[in-house]
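Chain order of the listed sequences is A and B.
Under our numbering, the first residue of the first sequence carries the number 1, and numbering increases by one thereafter.
Under our numbering, the first residue of the second sequence carries the number 1001, and numbering increases by one thereafter.
No lab work stands behind these hints: they were computed from the structure.
Hints may be right or wrong, so weigh each one.
[To be verified] If you want a taste of the chain B side facing chain A, the calculated C-beta under 7 Å gives, among others:
#1 Gln1026
#2 Ala1028
#3 Asp1054
#4 Glu1058
#5 Glu1186
#6 Asn1190
#7 Gly1316
#8 Arg1319
#9 Arg1342
The C-beta atom is built at its ideal place from N, Cα and C for all residues, glycine as well.
Chain by chain, the residues:
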Amino acid sequence: MKQVTLCVPLEVKPESCSRLTAAIEDLKRQEDKSADPNSPNFWRLRERIPTLHFMSISVFPAHDYDPVFILEANFDGPEGAFWNDLTAVVGEELRVMIRCCKRPSDGTGALYDAVTALASKRSVAPYFEARTQRPSVFHHGNRGLACQQILRDHSVFLETVEELDRRAPQLYRGEAPAKVHADLRTALLPNHRWLDDQAPERISPAERITDWAALTLFVLLLLAVAAAPGLLLAGLGVARDHLVAMALASVVATAAALLFWVRHLEVRDSSHDRPRQDERMLREMIRREDWITQNHMGSIVLIKPGVLRTVIVRAGHRGLHLALRALRASRAGYLGSMRTVHFAHWAFLNNHSRLLFFSNFDHSWDSYLDDFIEKAHGGLTLAWGCGVGFPTTRYLVGEGAEHGRQFKAWALASRTVSRFWYSAYPDLTVDQIERNHRIANGLRNKSLDDSAAEAWMLDL
Amino acid sequence: MTPAVSGPIYRWEVGRKGQLAAAMLQLAPPVMALLRTVRPLLRLGSFWVVTRYDDVLEVFDTDAVYGVPYQPNLQVITASHPFFLGMPDGPEYQAQLATMQAVVLASDLPHLGDEAERLAAARIGAANGRIELVSFVRGVAFDLIARYFGISEPAPGSFALWGSRLFEFQFTGSAQDKAWRAEAEEFAVNFQKHIDRAIAARREVVAAGVSPDDVLGRCLARQAAGAPGYSDVEIRTAILCMIVGGPPQPPMVLPQAIEQLLRRPAWFAAAQQAARLDTPDNNDRLRAIITEAMRFDPLAPGFKRVALSSHELASGTPRARRIPAGATVFAATASAMMDERRVPQPSCFDPDRHAHNYLHFGHGLHECFGRFINHATLHRMVKPLLARPGLRRARGSAGRLEKRGPFAHRLELVFDDDA
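Using the sequences and the hints, build the whole thing.
Laid out in structure tokens, this is it:
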């Protein structure tokens, strides 16, 4: 099942920044009814864009650039249909926001004119499509589970709990596991006929093969590039009869030279140990956090200059991305050993001079970064180590994010307020979604033997 | 006997031309699919075909540039009295629209839905297990709308004949075609006189102290109260245009939808199940299934517009083309509803699609006035039939939908009559 993560960055007219911020806040007030218990929250997005998992709209101020507006979306299915659905719901609100942004000077300027013209009714979908920025690295938690499937699984979970509570627990306690499974299935089936269907495949064999093939190809390409100097020398007549040895020697020598060069740069890098925090923004971010199980963060950092860094950051991101797609844990719904990330991605902005990061995660921002620092600091350092002011790194993946306090301060300073943020299932953690899915999948089986039912019951 | 008293329901039914045109239209979907990819804005002389969803919407939304071409034919039907279908946006358009909105009320829709089902059920009860779907739906649709508007069936002549022939003239004919125009004028004059008589008769009934609550009754009440827009001629024109524009649609589109369902047995069974379970949820489900079935063979392949000034369509995209003033633009709604760039998995039958994926009744300023009536009644017209056990195609070619030009002509179904 195709899932898409993307963002649309648009440069903001500085004089329209406050108007844009107000427009985003208006949209939030219009859709977010959490303060009113009688109104369904985000119902328009929930009902009319059932493929949408998460969406955010933010404005990033900067000292070195004009502010940038970014719409981030994570959804199921084709992009064109998503944009069509989104613009059918909030198209006019998005048009107001585009009007606060600069006319792009690339080929999309005419489209900007068309959608922002006075009284224009032209759909803004093509403009967002044309301005879409692909992520350099992304992670999909609960990969392959469609938004509606997640919600259906959750309703099965809730009804299972209700059923267990409704019948006296002792009635189940004495029964064989297979009987418990059969009874629960019988109780839930009338409201969930889909439990009679086979579970849809989360990741198709073709997708798996493609993921591994892409990673293999990438590694082979890296080796070929590293072996090229040796092969060139062999071609020029140096040790012509020892082609393989020359290639291997070249790979080793190239890797050593690159590491030496990287290290040379790393020891001369400056880390930003105490970046200035905008107190007002900090307060605003804190005010919006920890209302529900999940939280959201957006960050933009400058990328360190230099040819080597440019090459390494691109190759590093590509490799990290491909590894994240192919790794078993990622396919099982988790980011390595981290079980708190729903959708996250990095993307390059402004001709690769800035790096954007968005994440939709469980629990508080502090514990989320702690989790990252503890369990995925290598990958985090590889992806973010190119950022100006990042804590000192060692051979691209060492140290860096391990400097927890410095790293947190640096990350915090790069954040902005998530002014509009939508989650289709705000009460569910990544773990709970997987658990719900296992329970629902178990109930799809018409019968289980005692040992399988016992294993399945561990999730109840 | 004059054509206004009896004759074929459509001119397309006479001769081989209709069959040939129907066969040609069968080729439209693959051709449009190709055009969407290779030539989304196709120019054929001064005629432009717009095939993609975004561009079709842009044509409809840019109504100041792409005007409706209905006025010349409409003048033949209304004896040159203005009706908002043929007008550009403006105070006169909005005033006429408001006069109709004041008498065709949203609160009528539930009753109209129930009435459509009742009329359909009565006809099926007398069908003896075999039904010709096109004429069945036509009978229900004209009966329903005539009652709602408060106009009784003419004798001699019939609403079905007059309405269908004028609908055909309005949307496929040309006022330049003298023979066709003369024929349309004859139908129109008969229709106008009939409505004039109905207005006079109603006035007498009202004077006698009886006032049925239908559209005509509401119009006359507003006229008596001195509300503008309700002179006798204005009432006549509005009712005439509503009966010409509305009830010819169901006998076109419903047989096409049923034919599409019959080709998909699982969905046909789902529609039957929804029809049999008589609850509001199942009514909604049936409506969704019928609406989706219509997407595979819609009411019309598209709608014509005329470029009133030069305009760049799809500007800012590689497919942008400048449409010159005076060009005829065909906004291919059928193609747009199959555009995979905006409609997810368009070849899949999915009744859970969002409303904005459907362009059955146009879009924007001139979106069909009767769309809400269609929304409330279309599925209810076929519900009693779908609920019948053993519903299936009649044997042989009679059980396959036959068309004449763009119009459904025949589709025979049989069902177990012992229920």
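Now the hints, each set against the structure:
The beta carbon of B/Gln1026 is not positioned within 7 Å of any beta carbon in chain A (closest approach about 27 Å), and the interface hint is therefore violated. Hint on B/Ala1028 is violated. Least Cβ distance to chain A is approximately 22 Å, over the 7 Å limit. Against a cut-off of 7 Å between C-beta atoms, the interface hint on B/Asp1054 holds, since the closest Cβ of chain A lies about 6 Å away. Restraint check, B/Glu1058 versus chain A: the minimum CB separation of about 6 Å is within 7 Å; hint holds.
Look at B/Glu1186: its Cβ only gets to about 41 Å from chain A, farther than 7 Å, so that hint breaks. About 41 Å separates the beta-carbon of B/Asn1190 from the nearest beta-carbon of chain A, more than 7 Å, and the hint is not met. Checking B/Gly1316 against chain A: minimum C-beta separation of about 3 Å stays under 7 Å; hint holds. Checking B/Arg1319 against chain A by beta carbon gives a least distance of about 10 Å; that is not within 7 Å, so the hint is violated.
With a cut of 7 Å, the hint placing B/Arg1342 at the interface with chain A holds, because the nearest CB-to-CB distance is about 4 Å.
The earlier numbered hints that this structure contradicts are 1, 2, 5, 6 and 8.
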